[in-house]
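Chemist: Take a look at the letters that make up each chain.
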Amino acid sequence: MISLAEASRLSGVSTAKLRRWAEEGLVPVDDSRWTRASAAQARVIARMSERGYTPEAIRDAARGGRLAFGYAEDLFEVPEGQHTAVEAGELTGLEPELIERLMTMLGTPLGLEGRLNEEDLRAMKHCAQVLSSGFPLVAFLQLVRVYAQSIRKVADAEVRLFHLYVHEPLMQDEVPPLEIAEEMEEMASDLLPITTPLMEYMHNRYLRFYIEQDVVGHMESEVGIGGPGLARVSMTFCFVDLTGFTRYTEEEGDEEALDLIERFVETVEATLPAEATIVKTIGDEVMVVSPDRLPLTEWAVGFLTLFQERPQPRVGIHYGAAVFRDGDYFGSDVNLAHRVVSRALAGEVLVTEPVVEGIPDSEYLTFKPIGEVELKGFPKPISLYIATPAKA
Amino acid sequence: MGGFSSSKELREILDTVLSEIDGDPEEGPRLRAAAGPLRLEFPDLKLVVNVRADDGGKHFLDWDFRKRSSSTPKLKLIMESEVANRLLQGRENPAIAIARRRLRPSVTDAGAALRFFPAAKPLFSRYRELVSEKYPHLTID
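First to last, the protein sequences are chains A and B. The opening position of the first sequence corresponds to residue 1 in my numbering, with each subsequent residue numbered one higher. The opening position of the second sequence corresponds to residue 1 in my numbering, with each subsequent residue numbered one higher.
Quick caveat, the hints were computed from the structure, so don't treat them as lab data. Take the hints with a grain of salt, since some may be wrong.
[Unchecked claim] Computed from the model, here is a short list of chain B residues facing chain A with C-beta under 7 Å:
# : residue
1 : L61
2 : G90
3 : N93
4 : P105
In this text the structure is predicted, and so the values were computed from the model without any measurement. Ideal placement from N, C-alpha and C gives every residue a C-beta, glycine not left out.
The shape of chain A in the complex, shown without the other chains (with noise of 0.2 Å):
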């Protein structure tokens, strides 16, 4: 329990303003006891009025318990300072310029707002410390790019799956909604300190895994120069997707269609073989990479077996160069790959000639040409060959 004066203090709100709230249950107070809780709404309140909510809008949702994720705000201190670029610039030694793109890149308002608190500072001069050391400024930045864009899901994934597995729940069981911002301060205040060391975890796992990929890439793969700063690799690229998706949710709903994609991308996960990654999903789409050709076509071939209903799996593959860049891969072959997998009937593994030519001799497959095919985006028609177990 706080004081009132201590809400108004961390509402922002003045006290007659929140004894008023309160009376017209705006706020959510037993007894005239504020917490922390309460006064976490009173700010939420406050900034809806502001954005022109009407007063009778707002009472339907604190009513509903919808306001109750103001709590959150609390688990975070608001950091201190207000740096310009060029005062950052001379306290960590970067280019203001450069903060500024660093800044940018970050994306949230408070980046955007062009001045840098102290929390801002601190990553800052980690940012120094890195260029420092002599790691290339062109792949820090695709480096800190990463970072954001895989945080920020993260952090959104974290805020929606707390809403909608803990907050709606709540809120259809008619719980009080001062009681559904204590359970869920207290939920969140348990779960917080717990990411921090999972995601580290999962980091380092993930930086071992890779760092054993490379040093097994470097002795493969050819490696090269593609213009400035940007590396070309020679990789395997494969799409898989399911057929008949569009038809499958129109007849089984979204969430049986949600629940079949999440089962799919399951499977393709715990079958790759151990060199191979998925890049990115997109939909039912899955790109994997793999910097062999033999393992991936063949685990294409045999994950198809799999498959004897719809909505069912098809598969383009093509052996190529690319420019990694920002964690993904960029460049015609890809979208040769995806092309072809565009091409791929139900059932199908469809490759190309580069693929054929990395696996001459197969005991277990059998490539079976189906000529030269136009396909959009590509002058010339490519050869593209169906992979199939080779017979006994």
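On the provided structure of chain A, position chain B as indicated by the hints.
Modeler: Only chain B this time, still in chain A's reference frame:
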């Protein structure tokens, strides 16, 4: 690496591993949802294991080693015992083993494969642990 000393040995290992998973409050329900029903056949040892969800309420899983099972499997995986030992220790990729005809699947419900492989990880890790602890002759480096 040596092979199984007998069909009895593989049966004993599978029985132990499935009992452990059945007794685990997290892994049990996960494999239960995936075992809808599942049948593994090891022709060289003339051994079969049928796994399905237990409907009695006391257990998550129900399994037997009968060649004629009352349940019709939605996913059947047939493999030699040497492949099984590698596969169950995570040393053989299941999809590649299918392409190489070392593992022969029979699927009557596409969902069965989608459920089984992600849920099979505990089966593999428990098998690996048990083998390294009590059956070192089956361990693969």
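Chemist: Can you list which hints this structure breaks, lowest number first?
Modeler: As far as the earlier hints go, 1 and 2 are violated by this structure, in ascending order.
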